[in-house]
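Peer 1: In case you want the letters, here they are:
Number of protein chains: 2
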Amino acid sequence: MNVAILGAGQLGQMLALAGIPLEIRPFFLDPQPEAPGSRVAPQLLADYTDHAALDQLARDCQVATFDFENVPVEAVNHLARRIPVYPPPRALEQSQDRLREKTLFRSLGIPTAPFQAVDSLAELEAAVSRMGLPAILKTRRLGYDGKGQAWLRDIADCAPAWHRLGGQDLIVEGVVIFRRELSLIAVRGRDGQQAFYPLVENQHADGILRLSRPATPDAALQAQAEHHGQRLLEHLDYVGVLALELFDCEHGLLANEFAPRVHNSGHWTLEGAVTSQFENHLRAILGLPLGETTTVGCCAMRNCIGNLPELGAVLAIPGAHYHGYGKIPRPGRKLGHITVTAPDAAALAARLQALDALLGDRLAPDT
Amino acid sequence: MNVAILGAGQLGQMLALAGIPLEIRPFFLDPQPEAPGSRVAPQLLADYTDHAALDQLARDCQVATFDFENVPVEAVNHLARRIPVYPPPRALEQSQDRLREKTLFRSLGIPTAPFQAVDSLAELEAAVSRMGLPAILKTRRLGYDGKGQAWLRDIADCAPAWHRLGGQDLIVEGVVIFRRELSLIAVRGRDGQQAFYPLVENQHADGILRLSRPATPDAALQAQAEHHGQRLLEHLDYVGVLALELFDCEHGLLANEFAPRVHNSGHWTLEGAVTSQFENHLRAILGLPLGETTTVGCCAMRNCIGNLPELGAVLAIPGAHYHGYGKIPRPGRKLGHITVTAPDAAALAARLQALDALLGDRLAPDT
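From first to last, the protein sequence lines stand for chains A and B.
Anchor point for the first sequence: position 137 equals 137 in the working numbering, and the numbering is continuous, going up by one each time.
Anchor point for the second sequence: position 206 equals 206 in the working numbering, and the numbering is continuous, going up by one each time.
Take the hints with a grain of salt, since some may be wrong.
Identical chains blur together in the list; that is why a pair holds if it fits in one copy or across any two.
Each computed SDA-like pair below joins lysine to any residue, with the alpha-carbon atoms no more than 25 Å apart [what the hints assert, rightly or not]:
1. Lys327 / Asp60
2. Lys334 / Pro134
3. Lys327 / Ser38
4. Lys327 / Phe27
5. Lys327 / Gln224
6. Lys327 / Val63
7. Lys327 / Ile136
8. Lys327 / Gly132
These are computed hints drawn from the structure, not numbers from a lab.
This is chain A alone, in the form it adopts within the complex:
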């Protein structure tokens, strides 16, 4: 079975690595020379909207998927007229626009923070007055890892924020007080079968995910999250892995956004779950039975941002699993991740502390 993957970043690479033992042959399309995935599978070097390249993929592959949510919908639609593309292009389209995404959540009864589209500085100021401060002005499209956002702490912040981000479609969102940022990694098969990993607790720094770990089990919270996830999966007639980002607030879970793909907050599943998110995504899009999503032991995942620690030092930590992406270091760039597994919580804490010391970018003391 040949699978086309639009985007050969680290997510694509990990999909390919999960596919090879299943005798799946991955083929990448990515305009970036020597993308991470090209180390493990053939890469077609062309723009995503290059019809000749897309047609070649459609000839060579039986199914297509993508490894990032900003792949042009037009490219995916072109491909979808030729071979099945999962997740469905409609889900991709919804996720690319924060306004449509949040409106969808609202229509499905999934609570969100207050939000409103704003088309002028006056509208922004009016919205903020009604919503309260602080708030965040965001581009509706192409934002990730905290990019394309401006915090509004005072009404006077509106003008400079508008000045910086204006000229694009914008949305303003109320800031909510939350205890934790969580994510739900969900997967749905072609036959409608669904599975959910245990809720993941995420810690960010400078808008970039730093640490993810399965949250302490809480059956009610898990049920609430899965209820939201199920609404979304079914409404979108979704196929594949989907990540739903949530805020854990005093009065319940609020949905922040969803990613129609495998997700950084699910990387721990490679070592920490019976079936990884990567294998389950492939199982789903190929119409195969989904794999178990239960955890195996204790684990946590740390991103390596801007620089990679020395391999030997990492591997000296018991239970450390190193994942380098083969990318050139650049500040703020995700260059790899390290999953630490341990037989119990105390051992995990000690190992994470050793890793923190190596990474030199300590988070809050409880991590």
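Using the hints provided, position chain B relative to the given structure of chain A.
Peer 2: Below, chain B alone, put in the same frame as chain A:
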């Protein structure tokens, strides 16, 4: 770090897959077009003894290893004059000759079944008379998976066996009564650090490994096996993973043979141990700290010989992990393996039973 791998079979492929997250770039040499490993890393298509190809590997790579024990020693020595080769060529040489291998065991105080080199039918008959029956006549070189062997159940079997195998260097070995076939997967780093996986219990059918699973822990037996393993690793100044095959007999462990490489009976470590044998082999040959060898949950591995079960049917079994090698089916050929993981022994037994039903080549009832 670029690593040359002589042999791009399934073992080479799994080494490559383990290396990629560590940012290791594998390069294969294998005369077989489209060998399994070529799906994940570049393959130099040439004979192992092709000096130009070996020289190219030496230019491109910092260290070399091999994925099968019948790689020509001359090729490995040629490479070893240019770049470090691990495991050491001397270990390879010893393992390629059953007489030298068994003599080495004996010299290290590692018990074996009775054995003797035989150079004529008369010598064979004399040896068998002394040793007792049954016995097995074996080629000293190039035997694997039961090939190149003749069982001697009666003194009259000697002549036809000699007729069939004569003309090669031969050894006759006494048959021992054993309870179980075990193997010890051992690893030694460049700094002498050693680690041992829990003893593995193996079941063969028609001379080919069918099932491997970590044996029920037995501290005394484990210590005895590790004592033998340690003698061997240190004597050979070994670096990398080594598999020591043992018979569990009434009066202790007898060594059968060793393989200077990652081993089929260690495939379960991919899902069933903290660090896989493949990653530990790479860690060892690159001078990195060794990883933990403890088990994670319960598991067992089944080989798929001659044909592969339908992927979807396998994946419908909870905890089933499919590993296809991308090889063309042929009777008696190892085409893949399936590791089954489970939270406890009862669940594992039920899952293995479901797998047995699929594979249709049921073993003894207790498996």
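Peer 1: Out of the numbered hints, which ones does the structure contradict?
Peer 2: Hints 2, 5, 7 and 8 contradicted; others consistent.
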